[in-house]
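Knowing the structure of chain A, use the given hints to seat chain B on it.
Chains A and B supply the protein sequences, listed in that same order. Under my numbering, the first residue of the first sequence carries the number 1, and numbering increases by one thereafter. Under my numbering, the first residue of the second sequence carries the number 1001, and numbering increases by one thereafter.
Where hints are given, some of them may not hold.
[Said to hold, decoys possible] Simulated pairs of lysine-lysine, DSS-like, Cα-Cα distance not exceeding 25 Å:
{"no.": "1", "chain 1": "A", "residue 1": "63", "chain 2": "B", "residue 2": "1459"}
{"no.": "2", "chain 1": "B", "residue 1": "1418", "chain 2": "B", "residue 2": "1445"}
{"no.": "3", "chain 1": "A", "residue 1": "169", "chain 2": "A", "residue 2": "131"}
{"no.": "4", "chain 1": "A", "residue 1": "41", "chain 2": "B", "residue 2": "1168"}
{"no.": "5", "chain 1": "A", "residue 1": "63", "chain 2": "A", "residue 2": "113"}
{"no.": "6", "chain 1": "B", "residue 1": "1049", "chain 2": "A", "residue 2": "177"}
{"no.": "7", "chain 1": "A", "residue 1": "43", "chain 2": "B", "residue 2": "1071"}
{"no.": "8", "chain 1": "A", "residue 1": "41", "chain 2": "B", "residue 2": "1418"}
{"no.": "9", "chain 1": "B", "residue 1": "1071", "chain 2": "B", "residue 2": "1115"}
{"no.": "10", "chain 1": "A", "residue 1": "110", "chain 2": "B", "residue 2": "1110"}
{"no.": "11", "chain 1": "A", "residue 1": "169", "chain 2": "A", "residue 2": "43"}
{"no.": "12", "chain 1": "B", "residue 1": "1410", "chain 2": "A", "residue 2": "41"}
{"no.": "13", "chain 1": "A", "residue 1": "169", "chain 2": "B", "residue 2": "1410"}
[To be verified] Derived DEER-like restraints, expressed as beta-carbon distance ranges:
{"no.": "14", "chain 1": "A", "residue 1": "47", "chain 2": "B", "residue 2": "1457", "range": "42 to 52 Å"}
{"no.": "15", "chain 1": "A", "residue 1": "43", "chain 2": "B", "residue 2": "1212", "range": "52 to 62 Å"}
{"no.": "16", "chain 1": "B", "residue 1": "1341", "chain 2": "A", "residue 2": "159", "range": "52 to 62 Å"}
{"no.": "17", "chain 1": "B", "residue 1": "1191", "chain 2": "A", "residue 2": "159", "range": "57 to 67 Å"}
No lab work stands behind these hints: they were computed from the structure. No experiment lies behind these values; they were computed from the predicted model shown. Think of the CB as a built atom: it goes at the ideal place given N, C-alpha and C, for glycine as much as any other residue.
Listed below, chain by chain, are the residues.
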Amino acid sequence: MKSYRSHIIGNIFVTLLLSVFVRVNTAETWVTYFAAPNGSKVKVEGTSTLHDWIMESQIIGGKLEFESGFQLDPSLKPGKIIARVQVNTPVRSLKSSKDSMDQVMQQAMKQDKFPKIEYRLTELVLKEAPKAPEGPYLFDSKGELTIAGTTNKIAMPVTILRVSPTRLKVSGATNVKMTEYGVTPPAPKIALGAIKTGDDIKILFDWVAVQRSETAKAPEKTQ
Amino acid sequence: MNKNTNQADLNRREFLKGSSFSSLMALMGGIAIQADDKPKAGDAPTNYKTTGAPVKCALIGCGAWGREILKTLAILPNAPMVAVCDTYGVSLRRAKGSAPQAESHEDYRKVLEKKDVQAVIVATPTHLHREIVLAALQAGKHVYCEAPLAASVEDARAIATAARASLKVHFQSGLQMRSDPQRQFLLQFIRSGAMGKTIKARAQWHRKQSWRYTSASAEREKDLNWRLQKSTSPGLIGEVGVHHLDTACSFINTLPISVTGFGGIMRWNDGREVPDTIQAVFEFPEGIRLSYEATLANSFDADYEVYYGTDSAIMVRDNKAWMFKEVDAPLLGWEVYAQKDAFYKETGIALIADATKSVKAASSGGEEAAYAEAPLRHALQSFIVNSNAHSSGVEDFSANFDVNDAAALKEYLESINKVKQPHAGYKEGYETTVAVLKANEAILKGQKIEFRKEWFSLK
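Okay, chain A solo, but in the shape it has when bound:
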């Protein structure tokens, strides 16, 4: 995984151009799924010299859009899917059940300046469609993950389940290093010596998104 801050400006430009193009041509017909207020979960798993830790949030806001007329259907052939995803999780909604740890994490992640963890999809490729409609659709995804104001490109396998005709559950997991996002792993001192949190963390998510009948609009912000 390589930090590529220098390319961000370029990417914004390209994205802007693309979104303008897309808006003009197909904005009205995108199939949009909005984040459901309940049922989603993002989990951050980490390690330390004492024991492993977990932080969880129930908030994943944002939306998922497929191009005009797209249907998740077992007849889909593997290949590139035209889709847009932009989601976020508020940093302070991540809870460990220990307030002191939450406070430390929020400072480590510069929550006051960068209150959200953000993700934007750049490429979605269907690997395998299920035999039955209720089976899992397996994808490979590429996207940009922004933590503490630093954006990195990540790739991860993603599963989409069609929970109901209008409801999708998107699941995935990715490993990241805190230091790649400019976050110094907290190394607090406890009563019997120092403990260190590990640089490697795993982010897992289950995201529930619901299709709404109203016409999809292009995202308000492209970046």
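Below, chain B without anything else, positioned relative to chain A:
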């Protein structure tokens, strides 16, 4: 500890004591990440603070207890006082001593109008809670309502129902023992079965004091002595026993099913209508009974609680606790290393929350041990942290979803409630208030009252 123990052995013991507790705390969940003030060479220096954002507070009711609350809030790093309120000028002026920056108001409505007041602590006489708490919730303030919730079941129900309906704010009942780390620690300990089967419990509160306040003004004196009049007072069981009963309910893990009470004016026959000496027996399911005694006429043995099980008895006293094991009780292992204290002909094994901190405090030779802190401090600290968590939860939800979707918001906030700092909410506050108000009724009538389930239900 044996005074002849050599230094090496002492260190080993200290270490074992600490390490067993640190693993225990680790098992209890969560990792205590705290600011590291002295990072070792080679370690990345992380100087993160563990204090959350400030919550601007107002105190309504600046009597003796209200001023205790003010002093406690003053030592919290994130609870700035922006307003104090009392209908009585003298109390208000005295309160300003602990909160010089705060505005003074005689009308609580003026306090609730203030946009910068985020949280309100209500410490007025019990029978005056209802109107103020309802208005505060209506005004969108987080509310800490002193225990008991109210002086009548009807008022308590109104407060609890409004608190339940006020989704966007945090409500905390003043049952401060629920936030006390020592009692949290004991609760885990009791749940682990170390006491064996619970047999019975006993608690007492003994003081030699009149409970009467004097004032130059006759009218003011009548107001001040609301605790001595039947129409306004929940009695000793309501004002004091409420905390003991709450702890007992939490340890025994259920509500009482009946109460039998007795009371009389044994010493302070000064025209008061409320007994100065009471006894109450609360009956719990499976034949467990809590015997509670309180008096203002004799101070012998002050106050303590004892929980009796088939394997051991646990005594809670001055925010410390000891276990007295039966000879046939199974060996737990760790108690071999634990600190022991002599009580007449018995040996008490100290049960100390956060023993790792105590070991550290003892070895650095100063700092008060963690358990010595007052439960009120922990309750108010929980209130501030929880109010913050609640506000940011509502904000984060609103930023991403429709905040008027009450069902979804409620579901989300329930997930936040699960990770809030230990506290008593409206439910615990209501249930315990109902139980002590009924107990007060039993005491005044000298009879038994069987509790009906619907009294405790808020439907």
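Hints versus structure:
Distance hint between residue 63/A and residue 1459/B is unfulfilled; the C-alpha atoms sit about 38 Å from each other, more than 25 Å. Restraint check for residue 1418/B and residue 1445/B: the C-alpha separation of about 40 Å exceeds 25 Å, so the hint is violated. Our distance criterion of 25 Å between C-alpha atoms is met by residue 169/A and residue 131/A, whose separation comes to about 18 Å. This hinted pair checks out: residue 41/A and residue 1168/B have alpha carbons roughly 21 Å apart, not beyond 25 Å.
A hinted pair counts as satisfied when its Cα atoms are at most 25 Å apart, and residue 63/A with residue 113/A qualifies at roughly 23 Å. A hinted pair counts as satisfied when its Cα atoms are at most 25 Å apart, and residue 1049/B with residue 177/A qualifies at roughly 22 Å. Between residue 43/A and residue 1071/B the alpha-carbon distance is near 39 Å, which puts this suggested pair outside the 25 Å criterion. Straight-line distance between C-alpha atoms of residue 41/A and residue 1418/B comes to about 15 Å, which keeps the hinted pair within the 25 Å bound.
For a cut-off of 25 Å, the pair hint linking residue 1071/B to residue 1115/B stands: about 24 Å separates their Cα positions. Restraint check: the Cα-Cα separation between residue 110/A and residue 1110/B comes to about 37 Å, which exceeds 25 Å; the hinted pair is violated. Between residue 169/A and residue 43/A the CA atoms are separated by roughly 15 Å; this keeps the pair inside 25 Å, and the hint holds. Of the pairs offered as hints, the one joining residue 1410/B and residue 41/A holds, with about 16 Å between alpha carbons and a cut-off of 25 Å not exceeded.
A hinted pair counts as satisfied when its Cα atoms are at most 25 Å apart, and residue 169/A with residue 1410/B qualifies at roughly 21 Å. Between residue 47/A and residue 1457/B the beta carbons are some 45 Å apart, a value that agrees with the proposed interval 42 to 52 Å. Between residue 43/A and residue 1212/B the beta carbon distance is about 58 Å. The supplied range of 52 to 62 Å therefore holds. Taken as a hint, the range 52 to 62 Å holds for the pair residue 1341/B and residue 159/A, whose Cβ atoms sit roughly 59 Å apart.
Between residue 1191/B and residue 159/A the beta carbons are some 38 Å apart, a value that contradicts the proposed interval 57 to 67 Å.
In this structure, the earlier hints numbered 1, 2, 7, 10 and 17 are contradicted, and the remaining ones agree with it.
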